[in-house]
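> Residue strings, one per chain:
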Amino acid sequence: MRVDLPQGTLETMVLKTLSWGPMHGYGIGNWIERTSNTALTVEEGSLYPALHRLETRGWLESEWRTTENNRRAKYYRLTSEGRKQFRAQSKSWSHLVASVALVLEATEP
Amino acid sequence: MIERPNNSAWRRYLRFWRTDARADVDDELAFHLEQRVRDLEASGMSRAAARHEAARRIGDVSALKNVCVAIDESGTRRREREEWRDALRTDVRTALRQLARSPVVTAVSILTLALGIGANTAIFNVVYAVLLRPLPYANADRLVVVAETQRDSRTGVGPGQFTEWVARNRAFESLSAETGATFNLSGVGPAQRVTGAMVTPSKFRTLVMPPVAGRYFADEEATPGREHVVVLSYGLFTQQFGGDARIVGRTISLSETPYIVVGVAPPDYAPESYGEQLWVPLALTAEHKTKFNEHWLLVYGKLKAGVSLAAAQRDMERVTREIAALQPASMIDRSVRVVGIREDLAGDYERQLGVLFGAAGLILLLACSNIAGLILARLTTRRREIAVRFALGAGRARVVRLLLTESLVLAAMGGVASLAVASGATMLLLRIAPASVPRLDQADVGAATLPFVIAATLVAGLVLGIFPALRSTRGDVQQALRESGRASNAANPRDRARNTLVVGEIALALVLMTGAVLFVRSARNLASIDPGFDVRGLQSVRVSLAGSRYQSPAQIASGITRLLASVSALPQSRAVAATTGLPLGNGVPDVQLHIAGREFLAGQEPAANFLSVSPTYFETMGIPIVRGRALNSNDRTGAPPVVVINEALAHHLWPNESPLGKRFYCCQDTVRVWREIVGVSRNVRHWLTARPFAEIYVPYEQAPAASWVWFSNTVTLVIRTERSDAVLPLQLRAAIAGVDPSLPLFEQFSYDDLWRRSTSTNRFAMLLFTAFAALALTLAAIGIYGVLAYLVSHRTQEIAVRMALGATRRQVFTLILRQGGTLAAGGILLGTAIAVVSSRALQQLLYGIEPTDPITYAVAGFALAAVAIAACYVPARRAASVEPYNALRG
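Residue numbers (the numbering used here), protein chains in the order written: chain A, 1 to 109; chain B, 1001 to 1890.
Hints in this document: simulated from the structure, not taken from any laboratory. Check before you lean on any hint, since a few could be wrong.
No more than 27 Å apart at the CA atoms, straight line, and that leaves these computed lysine-lysine pairs for DSS-like [unchecked claim]: (1) A:Lys74 to A:Lys84; (2) B:Lys1289 to B:Lys1304; (3) A:Lys74 to B:Lys1065; (4) A:Lys91 to A:Lys16; (5) A:Lys16 to A:Lys74; (6) A:Lys16 to B:Lys1065.
Note that the structure is a prediction, hence the values are computed from the model and not measured.
Please build the complete structure, drawing on both the sequences and the hints.
If you want it as structure tokens, here you go:
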């Protein structure tokens, strides 16, 4: 099943991805797709603007590094501000999901 | 567009210098595509299919690229702003720390700046109110005054000329004419004298402001019989009629004639100094419109949009030539002048205020150079700090910015402090300014003040900072570090800079000093003017004899006789007189004289000021009769007409013979009245600074009927007392009310008041220049003291060596004094040169003294030299008291 992402969710997922460690844009997209069992498709047209936005906001830093295949790629890394933001956003996301679930799965009126 | 090699080494090279957002995004997306293609190939696709699929998934690459670049660039801009703000904050904090490190210098600097900027702001407030503030009328930039001129001096406009101007001009949207008029307002409260103007209805279309209530005049109300309507000024409306708009439509009594109030003008319609309280229509009759040789109208004009002042002037010159063709006899030597309304209002004060503003500017310059001197001195001790900054990699621009920030922070503090100085000084200025300055009453610390203070502060900050900043960043860093803070010798270029500043300060101070001395001497000259009469113990009051009881000249004359009798019964009164023209008090009309048996060319007929006086006038005023007799009580109605003339007229017309017994007629008499000269009086000054003009004195009982119209039935009573006391003005009022309580009084003065008023302009300039000069002198003294004190403290060792080698204390003392003296001498020479050139601007403001008067320069130079030497004394003493043993060992 393919799911459309609500506004802002992609950013939170990007932050989550990077919480494992620095990664380039392609890797981030891949990881999200893989982890969601390909339920989520990350469009390049959304991913890269999101990355650049997060960077100008100061939640991400970037640096050019060499990949294991000896290719130069732009790696993103969480800043401490980004980490703080991720914690806050994932908490409010979980809260939202749980609340929605409570409503949708209610068994009595 | 430049082709960029698509190779990453080149890009990396570029990126070494600066971040290239576009290239970064290119690389990032290229990597993405490559990676995708690889993964797809790995999953079994052909290379071509993999590429196709990768491209399909990413979509419009160039659009994506643009979005990312835009995001990056907005981030860069914000970051740059933040960095700049951070740096500024750091700079300001550093500057504050530096300033706090030398609190005395900082305090002196702030105080100096506050005085400098404050003085300028106060003067600016006045200049703004009088010269710059926009007039309240619509299209004020198109408003002009149109005047006739005779041999280049301005005159009023003839009703004939005005009529032709209206008909023939092409430059004006509207032209209006008016003439001053006074009325006795009765029926509301005590009888009151109100000044106003008779105006053509077009006045309110020329100087346009909407009425507060009612309407202005309709054109047909300017016809005889329909002109009994009045527009009230806002002041009169509120004071006399309680600000009740129901007055519109009611009837009020002006000089016993009923007028219907049709409207009320807004508060600032008439400038305060004009004091117009009401307006009635000016009905120019057909007879008026053919009069080309009486010039009594004031004409305002509103230029058509896009017509320049110069074009209007040319247009009116053409109109004047056309009139001259019709009326050649009336237009001899006559021309026309179109003047901007603002220029006209400011009049003579433009020059005076310009001079004061210039002087205030000099003060600011002086203050700045003084502080620059202090900053330079401090910089010397900061050379190492700055050298260290360079050594640590700060660029020159960075250090200049740091130093500029320091001076701007200093200036800002001075600017804030100056606001207090400015508001105090503005109030002071208003108190001492001559009352006649137009629009000055509206001067205050207003909306225009703040921009001026900010501008002045910025300029001061930049002037202060740029010079030391550039200086300190020049020179050899390593040498500065190696010097290890040891005193540099006297030939140091920085000392030369400070010396230059001090010379400049002394020069500026001298310029202001000469100005002050010139005004002081001018004031002394004014004080010693002999006005031709004895001013001590004189009191005056003007009375208006208007209304139905004073219709004929005989009724007016008998009214005056009764007033004189009543006032002379006062116990203090030693002598009492009546006159239509009060010396130093009000203007007098001049009339043409037609001398029996003598002919003059047209335009060269003799003219004289006309006064009608009571026979007691000469005795009361203390004006000696030098020939013949004074007027006496026999010179009355029906007696042979006589006249007393003054020496100026006697000398002009009869230089070699006695004028006694000569006869002339004058004054537009309907029937020629030959008046015989029976006496010659001493010259009297009607304006303190103007030479006495030719005058004739006619006994009031023999005054021509027309003359009462010129004075609108007013007469001034003069009373000479032993001593003037506080109750006299009240007693005077009571005495006049005893004759007729409906007579309004106005212009009640003592001669002390009049004298003060005549000299107020000069006194104002003198007070300001003296204050400026004192300020300048203090600043210059501080400057020269600072330089020498610094010099001595840094040359202690050298002085000690000199003394160890046998120099006496006296020699050391002289050495330092000589250094100060050289600076002072240089400044005085330079200042004299500047003052000689610039004091020409004072020419018209001075009385009886040339702006290049050598004694003045000697006095100012000497005073300045004395102050300079005094300022050198302390450092010189300190130098002379150096103990060689201690100084050399330490």
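> Now tell me, hint by hint, if it's right for this structure.
Results of checking the hints against the structure:
1. A:Lys74 to A:Lys84: Holds - the C-alpha atoms of Lys84 (chain A) and Lys74 (chain A) are around 23 Å apart, at most 27 Å.
2. B:Lys1289 to B:Lys1304: Cα-Cα ~25 Å, so holds.
3. A:Lys74 to B:Lys1065: 15 Å, holds
4. A:Lys91 to A:Lys16: With a Cα-Cα distance of about 12 Å, the restraint between Lys91 (chain A) and Lys16 (chain A) holds, given a limit of 27 Å.
5. A:Lys16 to A:Lys74: The given pair, whose Cα atoms are some 18 Å apart, holds under the 27 Å limit.
6. A:Lys16 to B:Lys1065: Holds: Lys16 (chain A) and Lys1065 (chain B) sit about 25 Å apart, inside 27 Å.
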